[in-house]
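Since chain A is already given, all that's left is putting chain B on it; use the hints.
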Amino acid sequence: DQQVKQNSPSLSVQEGRISILNCDYTNSMFDYFLWYKKYPAEGPTFLISISSIKDKNEDGRFTVFLNKSAKHLSLHIVPSQPGDSAVYFCAASMNTGNQFYFGTGTSLTVIP
Amino acid sequence: DAGVIQSPRHEVTEMGQEVTLRCKPISGHNSLFWYRQTMMRGLELLIYFNNNVPIDDSGMPEDRFSAKMPNASFSTLKIQPSEPRDSAVYFCASSFGIVNFFGPGTRLTVL
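Protein chains in written order, with the numbering used here: chain A, 7 to 118; chain B, 89 to 199.
Simulated from the structure, these hints should not be mistaken for lab results.
For every residue, glycine included, the Cβ atom is placed at its ideal position computed from N, Cα and C.
Mixed in with the good hints, there may be bad ones.
In silico contact screen, one side only, chain B against chain A (beta carbon under 7 Å); selected entries [unchecked claim]:
{"hint": "1", "residue": "G130"}
{"hint": "2", "residue": "F179"}
{"hint": "3", "residue": "F190"}
{"hint": "4", "residue": "P192"}
{"hint": "5", "residue": "G193"}
{"hint": "6", "residue": "T197"}
Listing some non-contacts, in silico: residues in chain B with all C-beta distances to chain A over 12 Å [to be verified]:
{"hint": "7", "residue": "Q94"}
{"hint": "8", "residue": "E99"}
{"hint": "9", "residue": "M103"}
{"hint": "10", "residue": "G104"}
{"hint": "11", "residue": "G116"}
{"hint": "12", "residue": "Q125"}
{"hint": "13", "residue": "T126"}
{"hint": "14", "residue": "E132"}
{"hint": "15", "residue": "N140"}
{"hint": "16", "residue": "P149"}
{"hint": "17", "residue": "F153"}
{"hint": "18", "residue": "F162"}
{"hint": "19", "residue": "P169"}
{"hint": "20", "residue": "R173"}
{"hint": "21", "residue": "V177"}
{"hint": "22", "residue": "S183"}
Pulled out of the complex, with its shape left as it was, chain B reads as follows:
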């Protein structure tokens, strides 16, 4: 099994640009999570999906952030427009049960 796949692994963009992060969960998993890691707040849950349906998006910081899961094998997290304070590592995770299986993350830098 390839595990959770995220792309790109690194993204450098300028303030105001749109950023799209991509995730392919582990096949057979029915829950998908987007997290953001910062030094100050650790791992924050942004949004999670169950069976492709968004269940809780209360962690999404602002309307600039949006997430979709059009099918069981793909999800996107979009930031539009991006700001320097969005710089962080974004993780996607999937699960079938309690334990989250994390992808390698996308390191986002907004200049």
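Just chain A, same shape as in the assembly:
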């Protein structure tokens, strides 16, 4: 049973606009969340994280928002660039441990 869900398999956005990637989870024990980015033929690479004690974390063009009551988090990329085209995975862990549960990924295409 998927405890972390990314319901949009793909997303297309114009260069310069905002990309919003969504992630839902079912386990209220999750207390740490990460986003990974994956290019073809490469392994996922860490992008940004957020602890459950926060509701927002920002790093340059990337911002992650956490809504604990809705068990929902989102990744905002502003402005989107063609190099952001990749598959984005959401992941969650409990007790701030290093065993993560991943979603199925969202493929982002940024159109020049």
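Quick look at chain B alone, frame taken from chain A:
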């Protein structure tokens, strides 16, 4: 640093054959993870080791799958016998802390 190294990068085999995937974690990392990526289930954790000791293998799909970590710099994931439904990309990752650092993956095709 070379990052996590996996071999082979691609493996094509026939049903019933034994398959061995190899991983060299980043030096100094004390945790190692094996994941499987499929379209339907995304990235699934198969097993992870802490200080070379298997901690949780509940994600290993069947007894056909086994993993070892004989020392801090090497791990294997073995499938015996392999089946077509095992076709997927298998990732190894290592960490010293929360973030997993992934290798490039092994694309396995079982005919």
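(request) If any of the earlier hints don't hold here, list their numbers in rising order. (result) Numbers 6, 7, 12, 13, 14, 21 and 22 - these are the hints that the structure violates, sorted from lowest upward.
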